[in-house]
Amino acid sequence: VSTLPPLSGTLTLLFTTRLLSLALVLQALELLSVRRAFSEQGVFAWSELRRDFARSPARPLLDLLLSYRGFFGVLLTQLLLALLMPLTVGTRLGAPCTTMLLGTVLLVGVRFRGSYNGGSDAMTLVVLLGVLAAQCGYPRLGLGYIAAQVVLSYFVAGLSKLRSLRWRQGSALSELVVARQYVVPAPARRLLGTPWVSRLGGWAVMGFECAFPLSLLLGRTVALGFVLAGLCFHLAIVGTLGLNRFFWAWLAAYPALLYFSEPG
Amino acid sequence: MPGFTGGALSLRLARALLPAWRFFDEIEPAPRLSVRMGAAAEALGAWETAKPAGPSNGIISLLFRPAGNLALASHALLEQLLDDVAAPDMSAERVEQLVSYKLVTRLARAQLPAHASGCYQFRLTLEHTASVEELLVSSVIAL
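Going down the list, the sequences are from chains E and A.
In terms of our numbering, the first sequence is residues 1 to 264.
In terms of our numbering, the second sequence is residues 1001 to 1143.
Because the hints were derived from the structure by calculation, they are not lab data.
Wrong hints could be hidden among the right ones.
[To be verified] Calculated lysine to aspartate or glutamate pairs in the DMTMM-like style (CA-CA distance at most 25 Å, straight line):
| no. | chain 1 | residue 1 | chain 2 | residue 2 |
| --- | --- | --- | --- | --- |
| 1 | A | Lys1051 | A | Glu1133 |
| 2 | A | Lys1102 | E | Glu175 |
| 3 | A | Lys1051 | A | Glu1134 |
| 4 | A | Lys1051 | E | Glu48 |
| 5 | A | Lys1051 | A | Glu1127 |
| 6 | A | Lys1051 | E | Glu175 |
[What the hints assert, rightly or not] Some chain A residues near chain E, calculated using beta-carbon distances under 7 Å:
| no. | residue |
| --- | --- |
| 7 | Pro1066 |
| 8 | Val1095 |
| 9 | Val1099 |
[To be verified] Here are some chain E residues the structure puts well away from chain A; computed CB gaps all over 10 Å:
| no. | residue |
| --- | --- |
| 10 | Pro60 |
| 11 | Leu65 |
| 12 | Val74 |
| 13 | Arg92 |
| 14 | Cys136 |
| 15 | Glu175 |
| 16 | Leu176 |
| 17 | Ala179 |
| 18 | Arg199 |
| 19 | Gly219 |
| 20 | Val222 |
| 21 | Leu228 |
Ideal Cβ placement from N, Cα and C applies to all residues, glycine included.
All chains should be modelled from the sequences, with the hints used to inform the complete structure.
This is the structure we're talking about:
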């Protein structure tokens, strides 16, 4: 680890934008592939959703951007800009490209009444805002914002679980894998349904999340260990709950964490 | 105006911008959508629970899981409807004008065969260990 070259701000920003680009490309492609859901025949028809904006002066603009054709265009724009974004780092196009991407992600949120996929949308926005600040000439501020939020995301989640009796008693994971909104593969359901595995797994999750701030305090080796553990954690979540968008959004936030884990 | 939820939408967007970062801290039973249909309102069949998307599919799911993520977004509609219905001044007439109600109606319709005819009804329930709690039952809707 000690022989690895230090991460410069420029290199960190480049890694971050490449990973963010991948996350946004996948998000756009996923939505484009279920486009029937936001057509007039689908569940998320704009003719119903637009009533949320009955009193809004922005409704004509939203009608243009969020009707089926408009939203299809927004997603294609997101796809194109996400592919271009890594090429714009350090150029005059960097900030406009990131700003427009931010706009498309916010429009997706509006289109789905706040967010499409909860926490992963939130982390995508965090990384986009951080990249935008960096592209506008404030790299340490932007990357610092991302690093702080990724640490908070684990630490707050860990503390809130610690307050829960079910998590402390060890039944939380076994209850989570039978929750109706998730279709957990049978082997994982059986494994986490075993009381001692659920208890051990629950405490491992809480321990990892609550200890995450140490990644910023104990140097690069420890930070790399937390990042590797985080990757395994998110892969396990994809394998059990299917939350793939979380994996890519958090992955895009990790370079900033590694950057600030280095002394000086 | 019934169904206007601009404030709620702003709140949800603010949550995305200022995330609370709390995941699965409270593990409560999730609401379930059931649908029944029939030739007439008096001849509706048995309740059938809406099926969620298929399970995670290994490495492919890591990259691309559109149906699964759409199912989660659709499930969030059930929770939005229950939140809206819980508003203190909500009446039965206003419930049916809610945007979230209209969207869940579409979600329920999507569970039925494309060429189904007659009418249908949906309900939201909470499944406890030993009982099923009925939270909302829609009026009968013509197909």
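### Message
Tell me the numbers of any earlier hints that the structure contravenes, in ascending order.
### Response
2, 8, 15, 16 and 17
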